[in-house]
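Model the placement of chain B on the given structure of chain A, informed by the hints.
This is what each chain is made of:
2 protein chains.
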Amino acid sequence: MRTMFTLDQNDLPKRWYNVLPDLPTPLDPPLHPGTREPIEPAALLGLFARTCVEQEMSTDRFIDIPAPVLDVYRLWRPTPLMRAVHLERVLETPAHIYFKYEGASPTGSHKTNTAVPQAYYNKLEGTKALATETGAGQWGSALAFACQTFGMDCTVFMVRSSYDQKPYRKAMMSVFGARVHASPSRETRAGREALARDPNSFGSLGLAISEAVEAALAGQGTKYSLGSVLNHVLLHQTVIGLEAEQQMQSAGEFPDVVVACVGGGSNFGGLSLPFYRAARERKQATRFLAVEPTVCPSLTRGEYRYDFGDTAETTPLLRMHTLGHAFMPPPIHAGGLRYHGMAPIVSRLVEDGIVEPLAYDQLDVFASAVLFARSEGIIPAPETAHAVHAAVEIARECARTGDEKTILIGFSGHGHFDMGAYTAYLSGDLVRAEAGSNACTGTPAGARLYC
Amino acid sequence: MRTMFTLDQNDLPKRWYNVLPDLPTPLDPPLHPGTREPIEPAALLGLFARTCVEQEMSTDRFIDIPAPVLDVYRLWRPTPLMRAVHLERVLETPAHIYFKYEGASPTGSHKTNTAVPQAYYNKLEGTKALATETGAGQWGSALAFACQTFGMDCTVFMVRSSYDQKPYRKAMMSVFGARVHASPSRETRAGREALARDPNSFGSLGLAISEAVEAALAGQGTKYSLGSVLNHVLLHQTVIGLEAEQQMQSAGEFPDVVVACVGGGSNFGGLSLPFYRAARERKQATRFLAVEPTVCPSLTRGEYRYDFGDTAETTPLLRMHTLGHAFMPPPIHAGGLRYHGMAPIVSRLVEDGIVEPLAYDQLDVFASAVLFARSEGIIPAPETAHAVHAAVEIARECARTGDEKTILIGFSGHGHFDMGAYTAYLSGDLVRAEAGSNACTGTPAGARLYC
Chain A
3 MRTMFTLDQN DLPKRWYNVL PDLPTPLDPP LHPGTREPIE PAALLGLFAR
53 TCVEQEMSTD RFIDIPAPVL DVYRLWRPTP LMRAVHLERV LETPAHIYFK
103 YEGASPTGSH KTNTAVPQAY YNKLEGTKAL ATETGAGQWG SALAFACQTF
153 GMDCTVFMVR SSYDQKPYRK AMMSVFGARV HASPSRETRA GREALARDPN
203 SFGSLGLAIS EAVEAALAGQ GTKYSLGSVL NHVLLHQTVI GLEAEQQMQS
253 AGEFPDVVVA CVGGGSNFGG LSLPFYRAAR ERKQATRFLA VEPTVCPSLT
303 RGEYRYDFGD TAETTPLLRM HTLGHAFMPP PIHAGGLRYH GMAPIVSRLV
353 EDGIVEPLAY DQLDVFASAV LFARSEGIIP APETAHAVHA AVEIARECAR
403 TGDEKTILIG FSGHGHFDMG AYTAYLSGDL VRAEAGSNAC TGTPAGARLY
453 C
Chain B
3 MRTMFTLDQN DLPKRWYNVL PDLPTPLDPP LHPGTREPIE PAALLGLFAR
53 TCVEQEMSTD RFIDIPAPVL DVYRLWRPTP LMRAVHLERV LETPAHIYFK
103 YEGASPTGSH KTNTAVPQAY YNKLEGTKAL ATETGAGQWG SALAFACQTF
153 GMDCTVFMVR SSYDQKPYRK AMMSVFGARV HASPSRETRA GREALARDPN
203 SFGSLGLAIS EAVEAALAGQ GTKYSLGSVL NHVLLHQTVI GLEAEQQMQS
253 AGEFPDVVVA CVGGGSNFGG LSLPFYRAAR ERKQATRFLA VEPTVCPSLT
303 RGEYRYDFGD TAETTPLLRM HTLGHAFMPP PIHAGGLRYH GMAPIVSRLV
353 EDGIVEPLAY DQLDVFASAV LFARSEGIIP APETAHAVHA AVEIARECAR
403 TGDEKTILIG FSGHGHFDMG AYTAYLSGDL VRAEAGSNAC TGTPAGARLY
453 C
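First to last, the protein sequences are chains A and B.
Our numbering numbers the first residue of the first sequence as 3 and each following residue consecutively.
Our numbering numbers the first residue of the second sequence as 3 and each following residue consecutively.
One or more hints might be untrue.
Quick list of simulated restraints, FRET-style, between CB atoms [as the list claims (entries may be wrong)]: (1) B:Glu399 to A:Asp73: 25 to 35 Å; (2) A:Arg307 to B:Ala69: 55 to 65 Å; (3) A:Leu47 to B:Thr403: 43 to 53 Å.
Derived by calculation from the structure, the hints in this document are not laboratory data.
Just so it is clear, the structure is predicted and the values come from calculations on it, not from any experiment.
Beta carbons are placed, not taken as given, at the ideal position from N, Cα and C, and that holds for glycine.
Looking at chain A on its own, in the form it has when it is part of the complex (with noise of 0.2 Å):
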């Protein structure tokens, strides 16, 4: 039985899909830091490749992927999609679960698809360096990779609690030539402040933002860029979806569930945004289920309201769901989901109930994830776990009701640098976090879990 859906590089997509003019609702505007007024595009061109800031307010529902950049999606480009037929047979269920390959890139995981283009615009446009945060080193080694590719320095501040976790991460940045620093870190004022109220600070996301904001702003020549939440970041994504679109056609079926996780949304959007627009064309039910950490529940247990994107309010406000921009997440495994905010467009399409979002605890996550190696042999990231443990609940659930869903799993990435959150789980010295959880998303906006 044939199990991979390969595609020919010929058929690998030309152009992005974006979703703005699709959306039910528009988005409201990011407001200046200052004024708290609407910002201006040209606001923002102090940080971001003027194409990026062009495309994030775009209303052309497609967008040509430049030549150069398709030519370094080809190293990788088109991923497999996947059948899961050893999962189903063990899981016993009449679901038929699929999954898009996104581990098949130069860095493991679905953060090149924008890495590169982010850092061709820049080049066209005479940036020299590129100063990014990174939560499990994902985004980071992503832009390094991407910022080699194309000439350019590379500076990377990595969230504490993932760099000691991922020592390997760290050495794969360095391969492509990227500076790494542990945020919080003594080369930013942001860094350091924090440093001064938490000298054991394992920092997070929103914080190592503040750092690479201000590094993009001090240095010469230097930008600053996003591996998730923005619209442009999103868009470069699409491919993704667009892909797998082709891809389950050839399998001969359409998803009933689309799932990924969500730390930012990227992933998330990637995938399901090209479905979303298909399935509305061919009038079909497809659910989107964006699955995020117990402990880090911006869509479950969140406000929908204008927030920073970081934690010094540096960054321009989003209206999105959100902790709360000082909101300090615990140093979970699924260092990619520890945000405190969400992309404006997967926030929208949960308030207009066409994405559903779910949350789980890492203990199970894992579980599934064990179960999903043993089965089709790939280790999920604890990310992309996330979503493999929706999917595993879902065909249990199809198992029981005989329901022949098809379910399809953005597979963001594998966790080959994440073996030490294996090995904690394997030897029992993962805790449920659950009941944090419930404390931290009581009082949603700064809760401090752990203190």
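Same frame as chain A, but now just chain B:
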């Protein structure tokens, strides 16, 4: 420009290719370790599955791949064939560089290709558990995965130097349910004796084999499984070359040079043997290059004679290139290439002038590995990096001569579990080992480096 040549899963080879009937000179028979007379197949059944023993001696040119093995192969096969155009550009070479990417397997290397059928045949014949050794951990993870798939126990003796260098490999084996011991261990007589001689021994593949064989013979319903060297292992690996042949055809090319690294010879054999047959049929003078480390130079400096496969003299004697079964290679990062012997098939083809051996120092090898990673995005395993370096050298020669050679690299695996090696290389901690190597190869039988 198309750079990825996938193969439809329906075109997955259904048969392995057995080179034995096509060898220009037949192999000399294995000898019994006690009598030194040709060994009866029955004498091997205590260690190996009957089907593996039959395949070891088979003169059938093609052998069917069992359906349940194909079913597991489909978790990752066919693997992609890639053209390394970015590397070609960096080298400004007219050469066409292709690589067959076995890093796409569950455990990140070609080793699963034989682990799966070996576990399957054992399962069919009633074996409950398998014991084995592993160098870099690639073989141990592959057998752990395969045993997991068929519901068998797995015990792995991992060479101490790799056990210390690669903790995540151990974690991966644990995810797949295997028990892992650092070798030399206190679990076996061979291990305890080695520790008595040298409590700080960093181990060797030869010694780990002794431990695994001893554990297999002592265990209830337990057999032994070898990840390289033997004919049936090379047989199973030919799925690589058989796929690559179809993919090169769809790229409209045939290789002038096939290059792969050699530890025990299975990766090299798996890619090159089908091309050896195809080149003969086309009457094409393809070169076959087998690349080893200068510090463990069995093909370039060893003797072609009968020798034991292991340190404790428990295995049958094979006629092969050997540095002597007591040879203790230094703890280089390409742990998978630290073996004193070589597959009899590869050794025979070297003697007959069909395969050309080459040896490189790891410092040169890592320079090419980083070059490859920075242009193609994939970080090679240190073993694989030996083949990459040879290909880079040839491509550079082509740049000088203007020769438009087509080079095919056997890309046996990625380096995600070897990042410590890259950190050591980038921080200048790796030393050139050539002086040691010369010292060693002057006295190839039993010489010990670094002492």
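Cross-check of the supplied hints:
1. B:Glu399 to A:Asp73: 25 to 35 Å: This hint holds: roughly 26 Å between Cβ atoms.
2. A:Arg307 to B:Ala69: 55 to 65 Å: holds (57 Å)
3. A:Leu47 to B:Thr403: 43 to 53 Å: holds (49 Å)
Against the hints set out earlier in the document, no violation occurs for any number.
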